[in-house]
Amino acid sequence: MPRPRIERRIRWAGVLIGAGLIVQLITFFFIHPLAFITFLGIGCPLVAAGIVIYLYSLLENTPSPPDETPPQPD
Amino acid sequence: MLVDVLLVGVAAVLALWLAFRPQLTVSRGGKIGCFIALFILPALGAWAGFDMQMYHAETTSFCLSCHVMTEYGHSLYVDDPSYLPARHFQNNLVPRDAACYTCHTDYAMFGTLKAKVRGVRHLYVQYLGTIPKPENIKLYEPYNNRECLHCHAGARSYVEAAEHHKSPDMLSRIDSNQLSCMSNNCHDIVHDVDTLKDATFWKGGQ
Chain A
1 MPRPRIERRI
11 RWAGVLIGAG
21 LIVQLITFFF
31 IHPLAFITFL
41 GIGCPLVAAG
51 IVIYLYSLLE
61 NTPSPPDETP
71 PQPD
Chain B
1001 MLVDVLLVGV
1011 AAVLALWLAF
1021 RPQLTVSRGG
1031 KIGCFIALFI
1041 LPALGAWAGF
1051 DMQMYHAETT
1061 SFCLSCHVMT
1071 EYGHSLYVDD
1081 PSYLPARHFQ
1091 NNLVPRDAAC
1101 YTCHTDYAMF
1111 GTLKAKVRGV
1121 RHLYVQYLGT
1131 IPKPENIKLY
1141 EPYNNRECLH
1151 CHAGARSYVE
1161 AAEHHKSPDM
1171 LSRIDSNQLS
1181 CMSNNCHDIV
1191 HDVDTLKDAT
1201 FWKGGQ
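Just so you know, the protein sequences line up as chains A and B, in that order.
Numbers 1 to 74, taken from the working numbering, label the letters of the first sequence in order.
Numbers 1001 to 1206, taken from the working numbering, label the letters of the second sequence in order.
Among these hints, one or two may not hold up.
Some but not every residue of chain A turned toward chain B, in silico, with C-beta under 7 Å [unchecked claim]:
hint, residue
1, Glu-7
2, Ile-10
3, Ala-13
4, Gly-14
5, Gly-18
6, Leu-21
7, Ile-22
8, Gln-24
9, Phe-28
10, Ile-31
11, His-32
12, Pro-33
13, Phe-36
14, Cys-44
15, Val-47
16, Tyr-54
Pairwise CB distance ranges (calculated) [stated by the list, open to error]:
hint, chain 1, residue 1, chain 2, residue 2, range
17, B, Lys-1203, A, Val-52, 52 to 62 Å
18, B, His-1150, A, Ile-42, 28 to 38 Å
19, B, Val-1068, A, Asn-61, 51 to 61 Å
20, B, Trp-1017, A, Asn-61, 14 to 24 Å
None of these hints come from the bench; they were simulated from the model.
Using N, Cα and C, we set each Cβ at its ideal position, and we do this for glycine too.
Construct the complete structure from the given sequences, taking the supplied hints into account.
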């Protein structure tokens, strides 16, 4: 059975955020300009992309207000 | 620092866990957990990481990690107190782990920001540009006495030094940056990396 779209989006968001944070974590152990650039150029964009996908999935799945059309007389 | 590492580590584990168990977010509690794991913690972790990187960028080892700066690092160990940076570094007049940053950041409102922007430019030159010889590296603008006075202003050794009263208005001219601390015959020996080959070096503090 195919997964709902929101679950697929959350999966993508989790992967991107996890990957970005792992990249950031690795850069913490090096005091070097390249570590700084990797943090800003790879780690942060991955995390930001994941957060945006997650927030977008929330917006997309916001339930629409119930239909308030009065019942039609028979 | 350990807290930052832990925060980012926990956030990464939780995000990956949710990536492989997205069905957990169906329940109300799962939705709240998902919001924390995919928004709150990553945002906090990224901020903590940025803070740590900023701290790293202020360290002496960070500045000296580019090969072209090696000679400037050596100049901190010259066994000659007339070398201004060496005197400050060896006598703990500046923190040794942030020696470059302490003297080369403008003590003005946007000093730190300007230093970081310049640092990015240095990175570009280091990896994509033409690297100058160490002795050809110059300051962007003449060194401002404000950076010296950040520590020395009001100090007895500065205010009462006979060398600072050679003329009646000398001290006020120094204070207002009209007369540079690095003027000829004052504190004019700074890094002078082109003279290091003949210098002797202090062995302590390494």
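| field | Structure-inconsistent hints, enumerated in ascending order | value | none
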